[in-house]
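Peer 1: Chains as they are written, first to last, in my numbering: chain F, 1 to 179; chain H, 1 to 570; chain V, 1 to 250; chain D, 1 to 392.
Rather than coming from a laboratory, the hints here were simulated on the basis of the structure. Don't be surprised by glycine CBs; every beta carbon is placed ideally from N, CA and C.
A few chain V residues facing chain H, derived, Cβ under 10 Å: (1) Ala8; (2) Leu15; (3) Leu59; (4) Met66; (5) Ile87; (6) Val88; (7) Val91; (8) Ala92; (9) Leu94; (10) Val118; (11) Ile121; (12) Leu122; (13) Val248.
Simulated DEER-style distance windows between Cβ atoms: (14) V:Thr250 <-> H:Thr507: 47 to 53 Å; (15) V:Val206 <-> H:Gly334: 40 to 46 Å; (16) D:Val367 <-> H:Ala249: 50 to 56 Å; (17) D:Pro35 <-> F:Ala168: 29 to 35 Å; (18) D:Arg294 <-> H:Thr507: 47 to 53 Å.
A short list of chain H residues far from chain D (calculated; beta carbon distances all over 10 Å): (19) Leu9; (20) Pro280; (21) Ala369; (22) Pro441; (23) Arg448; (24) Ala454; (25) Leu491.
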Amino acid sequence: MSEAAAVAGAVIAWFGATLLAVADARRGQSLGLLVLTAGLTLATGAAGQPPLAVAALALGGAAAAGLRLRAGRPGWGLFAPGSTSYLVGAIIVVIGAVLVAGSGLGSPAGAARLGALAVTALAAGRVLTVGQRWAALGGASALALGLGALGGATALLAGAVVAAGLGAIDGDEAVEAGG
Amino acid sequence: MPPATALLLLPPALLALAAGAGWCLRPVAPHAGRPVTAAAAWLAIAALLGTWFGGGRAAQDLSAPLPVAGLPLVLRVDALTVFLWLAVLTPAALLLTFQRRTASRAAVAALAAAAALATLAAGSVAMTAFGLATTAGLVLVLLRQEELAGSGAYWAALSGAWLLLAWTAVVLQVTSGTSAYGAIPVTALQLPPAVLLAAAAVLASGLLPWRTWVSEAWSRRCLEAGTFAVALLVPVGFSPLVRTYAVGAGQLPSQQLNVALVALGAFVSLGAALRAQSAPSRRAFLAEAVPLGGGMALLGLGLGTPLGIVAGLACVAGLGAAAGLAPLSADARGPLVAAGVAVLVGVPPAAVFGGWLLAEQAALETGTAAGFAGLAAAVAWVVALAAAVRWARLPVTAPDTEAAPSPRGAAAALAVALAAGVGLTAVLALLVIPAAAEVMPPTGRLARPAVSAAEILGAGTLSVSTASGGWASALLGGPLVAIGLVGAVVLRAIRGRTEAAAAIAGTAPEPLLPMPVTSAPGRVVERIRAVRLPDQYRSLFRPALLERAGSGPPWFWVLVTAALAFVVTR
Amino acid sequence: MLPLHLLALLVYPGLGLVLAVGALAEIGAALALTGDGFGAAVQAPATWLRQALRRPVDLVPPLLAMLAATQLAAPLSPVPPVERNLIVAAVAALAAAWLAGASAWTAGQARTTLLAHVCWILALLAPAVVSESLRPQALGAVVVPAALPLKIAAGLLAVLCLPALLRLGEPECARLPLWLPICGLLVSLFLPPAGDDALGLLGFLVATLVTAAAAIALALLVGRGALYPRLLAPLAIAVLAMAVVTSVLT
Amino acid sequence: MISARAPLGRIPGAPALLGVGGVGAVLAVLILAAPLLPVAALPHLTPAARALLLASAAALALTTVLAPHRVARWELLATGLGALGGQAVLMALTDPLAIAAVLLLIAFGFAARTGARPFVERARGPAFAALLIGLGWAFVQLQGAAWVGRVGALALALGLACAAGLVPYLAAVDAEEPASSSFVAWTGFFGPALAISLPGRVLPALPAGDGAVFGATLVGLGLVNLAWGTIGAWRTASDVEAWRCSFLVDWGLALVGIGLFLPDGLAGSYLALLGIVLVRVPLYLWARPALLGRQPARLNALNVLLAVLLAGAAPFAGFPVRLLVLSAATQTAWPLAIPLVAAMLLGIVYSVRLARALGSHHGWAAVGLWITLGFGLLLGVAPSALRALGGM
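Chain F with its partners taken away, still in its complex shape:
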């Protein structure tokens, strides 16, 4: 049962990360964050991580998603032109993650790690390739959540706090211009 939940969580997390990657506006980005947080929460919970840490991850992710609504282009902006590369990347990431950690798929922990790896890779791709401040911050929150989900309680807590903390940073380009 827990194996199925973990695998489902991993798949949801990967889907959320893909959404985040192809989102070109604030709502789409927040949705992606929310979905990947939900997936990671489900997967890590099923993998037997401490409930408090899992809850913290969920809270951190939710807070990041909420705070990211403050800045960025209005609307959903899903699958905007230029998203194809991210979609291809999402497929390649799955293959890569299975190559690296596929052997652990049999266990809930292995499946959760697979999901976290996929999120980490996609989020990192997002952070390193976007030019807008708000998009980079969104990707960074996802990356923090993914990194947190790769480890134990400490990592989960750190990932949650960092994701929320990154959400608190103003994503408005004007701030940079002004600054």
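Dock chains H, V and D against the given chain F, drawing on the hints supplied.
Peer 2: Relative to the frame of chain F, chains H, V and D by itself:
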């Protein structure tokens, strides 16, 4: 630490105190720095002689409870240290007394001299490296205080020297667990560390056949700092090489290294003599006095025989005298200066002559191969004599100080050089032979001292007498100097004061021997500097691109990481 | 010991003998080279005294010549044989030779002189390197058959160097003090040492004067020809090569 | 001394900056004082990390009070305290994944400060480092194929270099950028913190083979940075670039020291990192006015002493570092010492240039330079005491 032992550290302490005092006195007594530091230097010599000869002349190992730079602070004051201290202190005292210096420069100079003395007393290779680097740094400050240009070669050579010493210390530490001269097992002195030590000495003392920092120090507009650096650092450079013999129980780990050092010594002398005979100015000629003596010293030390070590150290003594005499004779005229120049090229009976004579004898006694190296050194000697005659026709460089240098300085330095030459037997008996004995311990079943005074000094006479020849320095040299002085006074009384032959102003006479390779090292450096990536390949190597890789999406970073990952998974 | 050494410096074989031999050789040189007749030639030593001793620096050549003379293997010399040294004699003599001719210094002449000095020192030291001794009397006494060719060649080279060494082509050169140290050193090194008696002393003086005469004759022979200096370098190289071969053989 | 007296009100995000400064100060104090507090949950620092944190605090105090600045001192203090807190957290955390996450927060937090380069560009380097460290650790933890572990070890080492902004992960240098937003924040502040803590956290968990990859990568990176730094500082036309390259030289020695896994090497790298924080960073800040052309480059007596210090000669900081790193290299494989000695020798070529670029300072700024020189002297003469303090 017993008081008698502590007294042995007086010389560096006095100089350091004088440096502090001179620095602090600047605001109230701007001119006090020079006399204070000069007095401290002379006092240091007196204190050294008093404490050493009054204290039984026993070697002392002084260790401090606290490490310095992570290294155990061990100082060794033995006969060799005392000898080298005198070789440094004598020219330093002369230069501090007679060269013009501001208070701050005098203070830095005294501090550098104190650091040099501490370096000579260092009890381990690592401490020697630390001391050499410290002294070199202080001297760099002195050089840059005076003139910004012209210290590049110096800084590069000295940095190379201390780095090589540091590396040697590390190698010895790793192979034998210590780099303390007194504790390194004989078997630990293999060829690599010995070569590194020798290379460090060669760099620090400028012992190369071409123009080194020692000669470059004379190409500066002001002579004070550069010549002071030569007086301090050339003897300091020799100390690790001499101590190497102590580590190897009186010998180097390989005969080939001895041969290489002897050959290098002969080439250094020849190179210096050839440069001296083609010097474009009087300063350029004087610049070669120390390298000339340095080559002879290396020749002697490289031989590795007891007489060779004694000869090498005697040459170092002569080198100290030359380092004091040459700068004080620069830019001045008159018979004293001419006599000084004669002394610098080894005209009897001065200290320089005594050292070179012993080096020649030692080379001859070592064997035929070394004898031929001695022959080359003798040719260098002859060429140097010719260069000294040409010196009188060279243009005088305009003095960099307001007034022309005082002839008293040249007179004092000349007196020191002549006294050391006439008293060569005493210098050898009291300083040089005990110093050589420190690095050549008794060997064989009879535990007979390797360096025996009886084999170098004539029995029952005041002369030097080795297997190949003798020299009555006191009995012939002393009267010769006295007769010369009396004769000069009488002649002056009869003929009256006649003007010294004025130097021919303007262009220098052409060299006696052509110097086709003089500019070779310079040309090599220029060639190396001129090396550029051909234009058509510039686009392949643009370091700035590496920075720009981080500006856009970091594909380059990803590529490098992936490539490395591929490499480690092979 | 000091009085004996003073005697050696000031009288015999020092200043006294240096001036005596120098005066005789100068008269001979003046007769042969300038051809001014005996009357003018006799004045040569006095001319040196008048013109070559003006400044304190002019005292250096005679002083160095005195020192070099004390190192010769002269019979009845007060300086003990163990205290004599070829290098002391050679360096003092060469320095004196340079200073004696310093007033008439020209680059071309100086080159020839330097070449002669280098060849001369090689001629003196090559046999010393092989026999590992610098004592003039010991070197003179060497009669090892294997070392004789080198000794003869070196002696020949040393004699050939004499005209340039003594600056016999330069009338204004104050060479009077140089004759004994330079010619006497050749006698000490290349002829067997004479006995410590009057006969030995006579032999030594005659040999020295003959060497001086040979130098004058050579000077007359070569004149101002450019060939002479060019001969010295190849000969010196040959002597070096012989020294190497001899050192390998013995 | 160039120093704008900007009132709080006009600085964008001043309250946030003060908040960050306050939080940073509290975190740093709490983590420093953790051993004295009865709270077991508080993370503890290793002695070396504690020494580095103290050194950073000292450098922060020195530069805030005495260095010439274009920004307001209170702003610099707040930023510095925030950085100090970040440094303390980076060194206190034991889980590399948590370290990677915190690295992200610091990266974007510092990128949010005013800077000449775009926000994203300034955050990219440390973000990539966080990714490398996170993935590297995850790969090492995976019980999968052997190659995965080796790649993980490689990524951990590369992550360290990337976080410090070393070759091959160099970021662009803009002379006009405030020091706190420039490469110095990472190369001179957070990088050393990671270098002190991360190897100690990951090495115990690495199998021998992966450990060898980690060490070899660090040694390789060290040599590359040493070469790049020495040649770059010597040949580059820009003085700012030369200064950055001089940081790379120190880092090269530190990485080689860590990568050799020998006590001498580790001690050498620890001293090198202390030297970066206590000496190199303050000197760079003092050089800024001259680098920006607001002051002529000079070479007075103090600058010459600083040139000796920058050349790594005795009696200053670089000497024991060089001795210890050479010792470790010789113990491992003596030929390794050859490139090290060559680089150390080349290092003296640019030291005078850097010293000249410091310009001449008077009054309190000069006092600050003398104090920095004193730090260098302390590191050079009494490294044993500092090693004892750092448990080395």
